[in-house]
Amino acid sequence: MKRSGRGQGRPRGPRRGAAPVVADREGRVVTRRGPVLTVEMDDGAAVECVARGKGKKAVVGDRVRFARDADTEMAAGLVTEVVERRTALVRADALGRREQVLAANIDHIFVVVTIEPPLREGLIDRYLVAAHMQGIDASVVFNKVDLLDDPDLIDEVGERLAPYPGLGYPVYFVSAATGHGLDELREALRDRTSVFVGHSGVGKTSLLNGLDPALGERVQTLSESSGRGQHTTSASMLHHLPGGGDVIDSPGVRGFAIWGLEPRELRDHFPEFVELAPRCRFKDCQHMEEPACAVQAAVEDGAIAESRYASYLKIRASLEGFDDVNRFW
Numbered sequence: 020m021k022r023s024g025r026g027q028g029r030p031r032g033p034r035r036g037a038a039p040v041v042a043d044r045e046g047r048v049v050t051r052r053g054p055v056l057t058v059e060m061d062d063g064a065a066v067e068c069v070a071r072g073k074g075k076k077a078v079v080g081d082r083v084r085f086a087r088d089a090d091t092e093m094a095a096g097l098v099t100e101v102v103e104r105r106t107a108l109v110r111a112d113a114l115g116r117r118e119q120v121l122a123a124n125i126d127h128i129f130v131v132v133t134i135e136p137p138l139r140e141g142l143i144d145r146y147l148v149a150a151h152m153q154g155i156d157a158s159v160v161f162n163k164v165d166l167l168d169d170p171d172l173i174d175e176v177g178e179r180l181a182p183y184p185g186l187g188y189p190v191y192f193v194s195a196a197t198g199h200g201l202d203e204l205r206e207a208l209r210d211r212t213s214v215f216v217g218h219s220g221v222g223k224t225s226l227l228n229g230l231d232p233a234l235g236e237r238v239q240t241l242s243e244s245s246g247r248g249q250h251t252t253s254a255s256m257l258h259h260l261p262g263g264g265d266v267i268d269s270p271g272v273r274g275f276a277i278w279g280l281e282p283r284e285l286r287d288h289f290p291e292f293v294e295l296a297p298r299c300r301f302k303d304c305q306h307m308e309e310p311a312c313a314v315q316a317a318v319e320d321g322a323i324a325e326s327r328y329a330s331y332l333k334i335r336a337s338l339e340g341f342d343d344v345n346r347f348w
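Counting from 1 along the sequence shown, just add 19 to a position and that's the residue number in my numbering.
I should point out that these hints are in silico values taken from the structure, not numbers from a laboratory. Watch out, some of these pointers could steer you wrong.
Derived Cβ-Cβ restraints for the label pairs, each shown as a range [unchecked claim]: (1) Asp287 - Asp62: 40 to 50 Å; (2) Gly72 - Arg209: 30 to 40 Å; (3) His259 - Pro137: 17 to 27 Å; (4) Leu280 - Gly220: 24 to 34 Å; (5) Gly63 - Asp320: 28 to 38 Å; (6) Lys302 - Pro270: 38 to 48 Å; (7) Ala64 - Asp320: 53 to 63 Å; (8) Gly53 - Pro282: 33 to 43 Å; (9) Arg298 - Gly177: 21 to 31 Å; (10) Glu281 - Pro189: 37 to 47 Å; (11) Glu281 - Gly198: 26 to 36 Å; (12) His199 - Glu319: 33 to 43 Å.
All residues carry an ideal CB built from backbone N, CA and C; glycine is no exception.
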């Protein structure tokens, strides 16, 4: 009798009754699609794995321990443990009730924006807060700069992104289509593990293609095999850059809800607020309605960007549960 093809082609764990599996190997997760993980060992060999127990929490960038056993069907690996993370990019789930880890062990977050979909400083600032909470460096990448053919639009974009470099967040103006600015971006990506984040449609995958056409071809192949369009990233993937460094291409988002932060702690993740806080009359000033607040005075004087202060108020309201509309940006 011919066996059903259902489930064939997918790695599976040990059969029932098999001897206990000892996780004696270690590697890094480079892709995850549902229950199937690709784990890359230190020698570059890749192993298709499934996860069980604590291993189910593994995300791209994680170091994991896994086993390959004679009793394991289809030569699959079995991930059973996630090595303690150095850092993680974390957000709240759609309901705001659970932690969702997007990538692990990253050194730099690049927030990719463009003119269409519309640039939202609020989304940028949410990512920057999340990065600051984890001690992760962050930058802003304005992609599709070749579309800025109106001088007034160029000035507007420049003014809106002007606050970030002075706060320690470099801004890169690039074009995946023309190659403008990509050499500088390659240098920023060198010798570290980075992640591209941002709205759907900002061109994160196109940036990968511009940085290295071979990476773009791999992304297209994986996208086609998943049934998605070639410009749609449906799952995070870690890629090795030829000049050194690794970059994780994450799926586009509609918004980003911060996780694990008390409303009163938010002020500590706006660097310009921290610098001015000692000048406030009240030691525990929340920079909202208190008198003699140095931060509010700086906003009125133009020393702090109004967009940054608006982001602070919106994020604060969302953390307190008062603003569902602006919970994500």
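Quiz item: Hint by hint, which ones does the structure fall short of?
Solution: 3, 5, 10, 11
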